[in-house]
Amino acid sequence: MDDERIVEMIWNGQEQGVDQLNRKYGKLMESVARNILPCVEDVRETVNDALLQIWNAIPPARPADLKAYSAKIVRNLAINRWKFDRRAKRDGHADALLSELEECLPARVDITTQLEHREIIQQINTFLYLQPETARNLFICRYFFGDGVEQMSRDFGLSKQQISDRLYQTRKKLKAYLIKEGVAV
Amino acid sequence: MNKMDLWWALGQLDDELISAAARTRKEENIIMMHTRKTNRYIRRMALVAAVVAVFAALGITAYATDAFGIKSRILDADSWFGPETAMISLAGGTESAEFKAASEWEAFETEYVNSGKMDTASLKTGYATAGDAQRAGAYFFYGCGDVTMIETVQSIADKYGLAIHTQRVDIPNVQALLDAEQGNIFPLGEEFVGYLYEDGSYKLDALGSYGESVMVSVTRTVKGTLPPYSLSIRNVDTYTEEEYTNSGGVTVQLMFSSMEQRGVVMYETDESVFHMNLVCYASPSSAEAPVSIDTLKAAVDRYDLTKLDG
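Sequence order for the protein chains is A and B.
Mapped onto my numbering, the consecutive letters of the first sequence carry residue numbers 6 to 190.
Mapped onto my numbering, the consecutive letters of the second sequence carry residue numbers 7 to 316.
Think of the hints as simulated: they come from the structure by calculation, not from any bench.
The structure presented is a predicted model; accordingly, all values stated were derived computationally and were not measured.
Please note: incorrect hints may appear among the correct ones.
[What the hints assert, rightly or not] The calculated lysine-lysine pairs, modelled on PhoX-like cross-linking and capped at a C-alpha distance of 25 Å, are:
#1 B:K165 <-> A:K178
#2 B:K165 <-> A:K177
#3 B:K123 <-> B:K165
#4 B:K165 <-> B:K229
#5 A:K165 <-> B:K106
#6 B:K229 <-> B:K106
#7 A:K29 <-> B:K123
#8 A:K165 <-> A:K180
#9 B:K106 <-> A:K32
#10 A:K180 <-> B:K32
#11 A:K165 <-> B:K229
#12 A:K72 <-> B:K32
#13 A:K165 <-> A:K185
#14 A:K32 <-> A:K72
#15 A:K32 <-> A:K88
Same shape as in the complex, but just chain B (with noise of 0.2 Å):
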């Protein structure tokens, strides 16, 4: 294969990809510039007043996310992503020796990248040629890109008593897996893929419908570990939270924005920090449409919580 082969098959995209990106493009931003600003200016205030007319309707208890939740887990540095876009930390709260470790990470990542001064040559020189190969690759698993950047991840994780992963599989078909060995877990029709760590931590990415098309990503944090990533959530203002008993008994916190296209559901036991993220990338009556809080309550619904820990 040469790199025409390779743009050419690039050309045979799953249409789920290539429909998800387009949406990330605003072709009309150059185009109809203003026409698009308009109406999405009244598309969201149509949208906050939907939301907030429903809340009245029923009667339910939205509070604010700074009060809890949220906004406690946000890591406390400016993202990859620019200052608007907030990154929460996917393993406990802001006293968990997880949390501190990603919070510092991401900071030292972020400046670090952002100063120019990776050196991607030096995995070759230092760890690849010095018979230490298998580990450089490990720390792939955090975004290292060079020896500084290893050897900084190696300390902030000792300085917290944290492991490192060292080891991690692909899962090709989740379903099929848990089928056999655990029963049903996930719904039915539903082919999550996804990589499993050495902890048990894992991670698992599927395309559900819960009223609307979501992309679902399933993440377990086995406690004791750095963390390898943090989940976007972009603009944390417009999220309200809600605690929701799903229909196996489990509560979860569910959060939900009336902006953003996701929305988030946190689950937390002795061993594990749960999150399911949803992602709308489809909706009749707006691609930019965010996830409502019954699409949540309804994927919670069909999930068995209480397997997915083991």
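Chain A with its partners taken away, still in its complex shape (with noise of 0.2 Å):
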């Protein structure tokens, strides 16, 4: 069923849209949790929490990209849960996310030149759109999508070495461009 279809379907109150939604794109939205978030039962939670979200959300939302909102969705909900959780114990995957993404953050940062968060997702952005398309979707898929180093070596073809290669430059690269974006001193 295509997207404008199951969305048609939840603004109208109709609940198998719901059920279309979560067969279309249950396991996209599964796997985003799962990158983040250490026990199953969180995970299968997070996904209905999300799906309810939707169902509450359209209308009055009207998602252009029913994938992509979807999987906002549910990785906000999971990172919540996630912080949630790490007050009780840390864990390993989604610290080294944080780690690695620590490294596309200037030293320092001057209170006074500091952009509003909005504008540095727009420089974000813009800054993907500018790589080349390889690097941008390795670099979303490993910290939108949360995806292990070896799942995205199968998935792209490519060896470890390779991966952790292009996103270390990628990072650079990111890290220069907010500097030069005013970001930081």
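From the two separate chains plus the hints, produce the assembled complex.
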């Protein structure tokens, strides 16, 4: 079933729309949550929460890209849950992602020149559009979807070393770009 | 902003970026490997059959890529992306200095980076602290990660009598710029972003819709400078080529594949080489649909190619 029809069903209050959404993008949502949360039960619960949130959001929301919309919602919910769980116990995979992302940040951030987060998001979007396709997709798979290097190695047909090198180069470029755009002094 | 803020912020990326990346993920390979392979095989065979049928019905003369054209521009090196992924030069055929230099640089870069010899700290100790950080920054265009790479790219350029890019400016909205200065070159409604080098070379990206939704990159490579990038076309054996004269009377080379999600348009003048790289990011029938020749023609017809060389 195409996305427009699914949105239409949810918009009209037809619960089958959520079933269709789960059937079409449930695996995607599960994989996003799984890459952030270590507990299977938490993953299932987060996907269910995301489906409920989408159900509640439409209307008034009318997502133009249902796949990306679903992925964003489940990712945000999974991060929230991870933050909550983290108080009790640290999780290795998510911590590794955070540690890598830290490399993108300028060492010194001046409060007076710091851009609003929304502007920074726009800068990151622009930066990513300017990157070669593979580098861009590698970055998003790693830091949006939270994919492991081994899975990415299979998906992209590259060695793990090549994946790591490419990600390193992109993080380095992003840091330089953010500095250039005034995120840091 | 701290690392947690950045992680959170990445959740607000543009939908197009997320969807495009999502299509490279193959979780189905893990969960339903057998089914996926079978479906993919059937779908691809169906696509091949469809393409063959169209050519047969219309009597279009398509010829093998090894005759001329695209294969003559493959860089002579295993690319970053492995031996099954061909990279083509964006700056002329095998006899040009630009091609030879790009090929040599590509080969060095691949071997050097894979060898693990790169010493990123040398940029700080070598160039930055010597007051030459600006020069080091210029080589960022070529993906140089250390002093050895910087010196190598310079020596390759010197060997072939080519210049190195020294400046690049980002262009947040190409359409607005061109509307003001040169009139409408790009299709209305498409906002190109990109960057421009000091010699007039540029790379522009946009999302477009020509029957299929595609990401479009337009590159102009001015001759006389070492081109900073090449183009991945993946499996070259799946491509065929055709000459086409667009609605403005400009003859271009179309390169399209029965398998890959991309098509390429090439157009060369005395001064420059142009490439339009179209990558399909959505299709009603299949997320893996190739960019069709009709889509390529529709895209080319919408551009005033004579103004691209300005």
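Hints, one by one, checked against the model:
1. B:K165 <-> A:K178: violated (28 Å)
2. B:K165 <-> A:K177: Distance ~30 Å between K165 (chain B) and K177 (chain A) Cα, so the pair is violated.
3. B:K123 <-> B:K165: Given that 25 Å is the threshold and the Cα spacing comes to 24 Å, the pair holds.
4. B:K165 <-> B:K229: Holds, at about 15 Å.
5. A:K165 <-> B:K106: violated (30 Å)
6. B:K229 <-> B:K106: holds (13 Å)
7. A:K29 <-> B:K123: violated (45 Å)
8. A:K165 <-> A:K180: Distance ~22 Å between K165 (chain A) and K180 (chain A) Cα, so the pair holds.
9. B:K106 <-> A:K32: violated (46 Å)
10. A:K180 <-> B:K32: violated (29 Å)
11. A:K165 <-> B:K229: Violated, at roughly 36 Å.
12. A:K72 <-> B:K32: Cα-Cα ~15 Å, so holds.
13. A:K165 <-> A:K185: violated (30 Å)
14. A:K32 <-> A:K72: holds (11 Å)
15. A:K32 <-> A:K88: holds (23 Å)
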